[in-house]
Amino acid sequence: MPSTIEKTLASKRRSVGILFGPAILIWMLGLLGSGALTSCSDFNRALKSDSLEYKLEVAEKYYAAESWDRAIPLLEELIVAYRSTVTSERVNYLHAKSYMGMKDYTLAGYYLANFTRTFPKSQYAEECAFLSAVCFYKNSPNYELDQVDTRNAIDQLQLFMVRYPNTTLKDSCNNLIDELRTKLEVKAYHGADQYFRMRNYQAASVAFRNFVREWPNSRFREDAMLIILKADHHLAMNSVESKKLDRLKDAIKSYHNFADAFPQSVVLPEANKLHKELTTALERGTNTQRP
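Just so we're aligned, residue 1 is where the sequence shown starts under this note's numbering, counting upward by one.
FYI, nobody ran anything at the bench for these hints, they're computed from the structure.
C-beta atoms are modelled at their ideal positions from N, C-alpha and C, and glycine is treated no differently.
Just so you know, not all the hints are guaranteed correct.
Okay, derived cross-link-like pairs now, EDC-like style, lysine to aspartate or glutamate, Cα gap no bigger than 16 Å in a straight line [said to hold, decoys possible]:
(1) 121 / 89
(2) 187 / 146
(3) 249 / 214
(4) 276 / 241
(5) 170 / 127
(6) 183 / 144
(7) 48 / 89
(8) 244 / 277
(9) 170 / 214
Beta-carbon label-pair distances, calculated as ranges [what the hints assert, rightly or not]:
(10) 79 / 164: 23 to 29 Å
(11) 237 / 168: 56 to 62 Å
(12) 238 / 286: 14 to 20 Å
Using the sequences and the accompanying hints, generate a full structural model.
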């Protein structure tokens with residue numbers, strides 16, 4: 001006996017057959033196929049055509065339909081053909097924006113920047129300058145990787161605001177710059193923390209001090225200053241006698257820096273414990289040196 005599900009499927013198939021008979025279904029499939037063939041034939045016809053107007057018409061149609069891969073070959077031919085004409089600006093703009101649509105941010109950034117240099121007075125110049133900077137932002141990798149593109153993106157966004165001081169895109173630029181700087185901040189923090197995890201306490205102390213200087217308003221500042229104290233504590237408590245007293249004093253300074261900066265910190269008891277160990281060791285070492 002057929003199951004309930006099988007009966008339901010059979011009923012739906014019969015309904016489809018009633019609504020769309022075999023001839024109708026074949027006709028509908030033919031329409032879909034002919035649409036694809038027409039699109040393909042339009043592209044090939046435009047590529048082979050000697051009419052620049054027709055090429056541009058088809059290229060703009062593909063651009064509007066977001067068929068960037070078809071618009072680009074046509075536009076590349078038109079860039080050469082329309083060089084030094086009034087149409088050149090429009091063609092170069094569509095070409096650069098098509099690469100942006102393709103998400104090829106390296107080439108898009110190049111062509112957008114080139115458009116701004118070539119057509120500095122164009123109505124599209126500001127937009128292209130901004131999008132060129134955005135391409136650097138898009139190419140910025142995760143914080144674990146090299147951050148050359150991140151720094152370049154910050155430079156390009158700042159340069160855009162200098163060139164267009166009255167731009168309405170200033171807030172967008174600042175938001176992107178904040179995001180990029182946060183990425184650099186996170187990378188710097190994790191780079192310093194790596195030394196601490198590897199128990200290279202001297203390098204960790206130096207790296208975190210540099211971090212605090214470079215990022216004075218960082219959300220990681222409290223953690224960084226506590227780790228400086230911990231690193232200095234480890235270094236001092238395990239030093240050879242000839243260096244121990246000086247390192248104990250340096251570690252105690254690190255405690256005071258932390259306690260002064262974060263008097264209400266939830267980890268202050270932990271810092272106080274380290275401070276007590278340091279002062280005890282310093283008193284013991286000082287007494288040992290007395291005649």
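**Prompt:** Should the hint that residue 79 and residue 164 are 23 to 29 Å apart at their CB atoms be regarded as holding?
**Reply:** 25 Å, holds
Restraint check for residue 170 with residue 214, where alpha carbons must lie at most 16 Å apart: Violated: residue 170 and residue 214 sit about 24 Å apart, past 16 Å.
* Between residue 238 and residue 286, does the C-beta distance stay in 14 to 20 Å? -> 18 Å, holds
Checking one constraint from the list: CA of residue 244 to CA of residue 277, max 16 Å. Satisfied?
Within the cut-off at roughly 13 Å; holds.
**Message:** residue 276 and residue 241 were given as a pair; does the straight-line alpha-carbon distance stay at or below 16 Å?
**Reply:** Since the Cα atoms of residue 276 and residue 241 sit roughly 19 Å apart, the hinted pair is violated (cutoff 16 Å).
- Restraint status (C-alpha distance of residue 249 to residue 214 at most 16 Å): 24 Å, violated
Need the status of pair residue 121, residue 89: alpha-carbon distance at most 16 Å?
Given pair residue 121, residue 89 holds - Cα atoms ~10 Å apart, limit 16 Å.
| Within 16 Å, alpha carbon to alpha carbon, are residue 170 and residue 127? | Given pair residue 170, residue 127 holds - Cα atoms ~12 Å apart, limit 16 Å.
Restraint status (C-alpha distance of residue 187 to residue 146 at most 16 Å):
9 Å, holds
**Prompt:** Does the Cβ distance between residue 237 and residue 168 fall inside 56 to 62 Å?
**Reply:** 58 Å, holds
Check your understanding: Does the alpha-carbon distance linking residue 48 and residue 89 stay inside the 16 Å limit?
Key -> Roughly 23 Å separates the two Cα atoms, so the pair is violated.
| said: Run the distance test for residue 183 versus residue 144: straight-line Cα separation, threshold 16 Å. | reply: 9 Å, holds
Of the numbered hints stated above, those contradicted by the structure are hints 3, 4, 7, 9, listed in ascending order.
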